[in-house]
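4 protein chains.
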Amino acid sequence: MSLTAPLHGVVPPVCTPLDDRGEVDTASLTRLVDHLVDGGVHGLFALGSTSEVAYLTDARRATALRTVVAAAAGRVPVLAGVIDTTTARVSEHARTAAELGADALVATAPFYTRTHPKETAGHFRRLRAAVDLPLFAYDIPVAVHSKLSVSLVRELAEDGTLAGLKDSSGDEGGLRRLIVELGGREGRARGPVPHFSVLTGSELTVDAALLAGADGVVPGIGNVDPAGYVRLYEAARAGDWALAAREQERLVELFAMVDAGPEQDMGRSSSALGSFKAALRLLGVIENGATAFPQLPLSAESVSLVAARLRGAGLPPVR
Amino acid sequence: MSLTAPLHGVVPPVCTPLDDRGEVDTASLTRLVDHLVDGGVHGLFALGSTSEVAYLTDARRATALRTVVAAAAGRVPVLAGVIDTTTARVSEHARTAAELGADALVATAPFYTRTHPKETAGHFRRLRAAVDLPLFAYDIPVAVHSKLSVSLVRELAEDGTLAGLKDSSGDEGGLRRLIVELGGREGRARGPVPHFSVLTGSELTVDAALLAGADGVVPGIGNVDPAGYVRLYEAARAGDWALAAREQERLVELFAMVDAGPEQDMGRSSSALGSFKAALRLLGVIENGATAFPQLPLSAESVSLVAARLRGAGLPPVR
Amino acid sequence: MSLTAPLHGVVPPVCTPLDDRGEVDTASLTRLVDHLVDGGVHGLFALGSTSEVAYLTDARRATALRTVVAAAAGRVPVLAGVIDTTTARVSEHARTAAELGADALVATAPFYTRTHPKETAGHFRRLRAAVDLPLFAYDIPVAVHSKLSVSLVRELAEDGTLAGLKDSSGDEGGLRRLIVELGGREGRARGPVPHFSVLTGSELTVDAALLAGADGVVPGIGNVDPAGYVRLYEAARAGDWALAAREQERLVELFAMVDAGPEQDMGRSSSALGSFKAALRLLGVIENGATAFPQLPLSAESVSLVAARLRGAGLPPVR
Amino acid sequence: MSLTAPLHGVVPPVCTPLDDRGEVDTASLTRLVDHLVDGGVHGLFALGSTSEVAYLTDARRATALRTVVAAAAGRVPVLAGVIDTTTARVSEHARTAAELGADALVATAPFYTRTHPKETAGHFRRLRAAVDLPLFAYDIPVAVHSKLSVSLVRELAEDGTLAGLKDSSGDEGGLRRLIVELGGREGRARGPVPHFSVLTGSELTVDAALLAGADGVVPGIGNVDPAGYVRLYEAARAGDWALAAREQERLVELFAMVDAGPEQDMGRSSSALGSFKAALRLLGVIENGATAFPQLPLSAESVSLVAARLRGAGLPPVR
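Protein chains in written order, with the working numbering: chain D, 1 to 319; chain X, 1001 to 1319; chain A, 2001 to 2319; chain Z, 3001 to 3319.
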């Protein structure tokens, strides 16, 4: 389905269930997509960081995206991450994603290399020219180790390169400055780029981002509780900020599952991804909680803590 | 005045006006305190980063704090920054601040040194024991290059070491997790540390922090427009989040004055502090816009941009 | 050719000449390999950072490696970089490199992801098991944003996972500690891993690394002046440290060509790679000095500075 | 004693022995100075990072410096660290150091603040003008979180601001570039600033730094084994690089004592400083191995490891 209006709402970065051999478990992934669409989400972001895209071979990436597109079946738009080091490599992923039916592309700044902002601007412009799909910039310094500045994003929004921003930088002040420059929470439609979509990846402060004027959210833990984020989004749309904040607080408590794997024993992202997948397994959505190699698995004790968090948030495990 | 209840509201970090020789301009500082108190602020934070505390000799620090305490005259509480590398040096500043009449102390983690969180915990505990005043932790990684974790702050809140937190880390997700652990926005009074005060230094997202349950804000640009932040705070207290957000947007536009000094030619903090002081001079509050050496001064062109931002925010310069 | 003894000597990271369309210029690359082998180098490192591997599609990587292997024609061993985000993706590159005739593999820690050292250890172990070629760890924090610790490298050396280390971390103290733990400059052969090869990527302090006991060097600017590094290496082998240092100083002066592109206008790595390629073009080795998109090209003025550095080092341009 | 020639040789950063109450143990400090001078060192650096300067109140700093100057008794020059956040505060320390008899000053770039290189240049120039003593720049990014560039140091060397550089940046390539720009290892006396002194703080690669043309070294572990570093320095002066490297290797093994306190339980600098002081106590030089609060003390097990390292290096404990 085409993106005829600015993308908005809850757009979870879809986890990629794996089997024991590390292959994409397409049956589980199909169930996960149904779980999300049934939860009321407004779009799906396949092949993002939470999808473990950096761990997937090109073949597995293709399988995952194909499965998400098929399962979504046009009910919601599918954004595809095209994550690789630099422009030529990203362009190849972009062409593949287009062929597989993605509705939009999500690309980061170059990484591994040290890249000047002027070079990063060229990167996004060439990607936009290479494949005719709406292009979202993915600002994720924790992964790529550079930050997209407000002025760079604005420049690329105004010249039509970018359809939107997925901001996982954690720089809420910078995001606020961008939104104000684009016309402010109430003036965006009359601003310089009325169709530009601002999505936050800061899943613990979504009420805040929506109050600031963001269009939507890409919450990793939205895999586990999509309906919760949809309630939060609807409350915000209705102007019931107290309700939005209460829902956000419940989700913050749920999110504490990521502390399950102590940092001294495994990577920080392994524990987050592992807990999301453990939760999806406990909820009966996916078959196997395994994360991609070389990420270490959660201990049994950690999985118990995930189960406790699920119960605490009103999402009792079914196994 | 003693802090009988959790500190809340707008607590600006008071700029330190200087004369041509770099000495504290006490007449200007007195006028600035009146400007802030007349603007309705709920407290004053002297000798913080925005006060250029790192540039002030001990004698100048004492002059500044003495002046703020005298000018405040008990109308609002005065918090004093006690900024130095490690415990013994900070303790000396704390004793001086107590003698000069500060109502509470604000201390960072050790800096210059590389300090383990367990050592940082000892640091705050000894400071609390050394001087009998409420102690606020000042979380400012951009200056001290370490971050206070949620678990450390919570531990020091629960054992009575800390009366509050001044969070300038920019980690809004972490702050949200802390508030939720303390009982949430509506449950703080029934939580484990009902008197603990959470103040944000993220001046561009104050509406968001208040929605999340923060008690107040320490806004650098609150020196320039204290009444604006008070209106924002009052709107939030009244639950009028749309009004709060509108006021915040106006303040975000005003804040763009910090872009006046381009980063390639001067330090980022120099341009922020220089623009705040330039604005205060243009508004007739202080006599001289000079920042402390070795910070470079704003150019005349930059001062013009500050003036434009003031006019844009409805604060016309008087000179 | 197989690596029957620990790799040693000068092993330049081979630049990848490109044509105007960004395709690998195989004729130029063949000439470059001859230039290096004629200069006396002891091995070739294809598809490293200096080869712009992060900018090359898989097809271009294969073309480059195939060309280097063919041009080397067994005269010196060819190491192949297998640079990608995580284990499964790196393994695919490793299999391809083996098929194309590489004599050894060079892999970094995972990047884009946040990976625990225990996970990084698993990464290298699985790569070693996947493809039966000697495996070198490539320690390059500026690109991957994690550092391989001395203890991790030693563990992977002792269990046979690693055949060697290519250290581009700049942490000369850490490298010295590793060498001392392995038996010291004179005792390596009687140490715990007598065949482990230590190569430094710190091209400005090669005399120092060889004095410390390193086996060899992987110098980017060795593309431009391979014979200079060979003279330096031979002087060090002969114990003529004053001569080694003089040669190093000449190469330091030559290296100043990387300052050609000022940091404010292009990326730091773009200016280094651009100046190496400009020098190779000026010396008549390659046809085109272009770097891969989105790197900005050197200005004509910068190319003039490169030419001046060449003349200063006794390497007069031929065009 | 005045510095009539460029400072050279072994200039240890003198540890500051403390008693149980955290006060300077002047008797122990006097013995330590004798230990160092008897070991043949060429100068003493009081109030550096290894002296725990960041932990000492102004009164304790004065006691320490006064004691070192008195104990040195003109036998070797005494450099004094003047470590504080910015220019005005550093100037006060500089005046005190001059009054207490320091022969030269050692100052860092500003810290806590974010300072532009142009502002840092002004900082050093004003310090030089404020107190008429030779001024050394102390490049220590791990503490101050900015790096002095080669071009900045060169500019301040050429205009007479700086008498030398104490480089604790770990950037050996940058240091090499500086030395080459100053004329190279053999041409310094005919270079642009013949009297400029280059001292490295990289205590594990001193042979390398001397080979590169550095004038001397400021080794923390030189407190423990000053004679070892003097032997290393003399071997290098005599051109016996193999002997220098062997001595360096012995000192690298001795240095492994800093691993005594595992990083997960205490700060990295605490374990280094704690092990140096434990070694000095075991050798009978100082009375008490305590480090300044809030650094955690070494465990008894860790002290045993320090003792083992001493024995391994031929420095048997006397208690």
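If you're looking for bench data, these hints aren't it; they were derived computationally from the structure. Any given hint might turn out to be false.
Said to hold, decoys possible - Okay, derived cross-link-like pairs now, DSS-like style, lysine-lysine, Cα gap no bigger than 30 Å in a straight line:
1. A/Lys-2147 - X/Lys-1147
2. A/Lys-2147 - D/Lys-118
3. D/Lys-147 - Z/Lys-3147
4. A/Lys-2118 - X/Lys-1147
5. D/Lys-118 - D/Lys-147
6. A/Lys-2147 - Z/Lys-3147
7. X/Lys-1147 - Z/Lys-3118
8. A/Lys-2147 - X/Lys-1118
9. X/Lys-1147 - D/Lys-147
10. A/Lys-2147 - A/Lys-2118
11. Z/Lys-3118 - Z/Lys-3147
12. X/Lys-1118 - Z/Lys-3147
13. Z/Lys-3118 - D/Lys-118
14. Z/Lys-3147 - X/Lys-1147
15. D/Lys-118 - Z/Lys-3147
16. X/Lys-1118 - X/Lys-1147
17. A/Lys-2118 - D/Lys-147
18. A/Lys-2118 - X/Lys-1118
19. Z/Lys-3118 - D/Lys-147
20. A/Lys-2147 - D/Lys-147
Stated by the list, open to error - Stretches of chain A that chain D covers, calculated by requiring three or more beta carbons in the stretch to come under 8 Å of a beta carbon on chain D:
21. 2087-2099
22. 2133-2144
23. 2222-2231
24. 2248-2258
25. 2267-2280
26. 2289-2297
Said to hold, decoys possible - Simulated DEER-style distance windows between Cβ atoms:
27. X/Ala-1308 - D/Lys-147: 21 to 29 Å
28. Z/Pro-3317 - A/Ala-2189: 27 to 35 Å
29. X/Pro-1194 - D/Asp-58: 39 to 47 Å
30. D/Ala-59 - X/Arg-1268: 39 to 47 Å
31. A/Ala-2300 - D/Lys-147: 56 to 64 Å
32. D/Asp-58 - Z/Gly-3191: 40 to 48 Å
33. Z/Gly-3187 - D/Asp-159: 48 to 56 Å
No residue lacks a Cβ here, since even glycine has one placed at the ideal position from N, Cα and C.
#### Entry: Violated hints, by number in ascending order, as checked against the structure
23, 24, 29, 31 and 32
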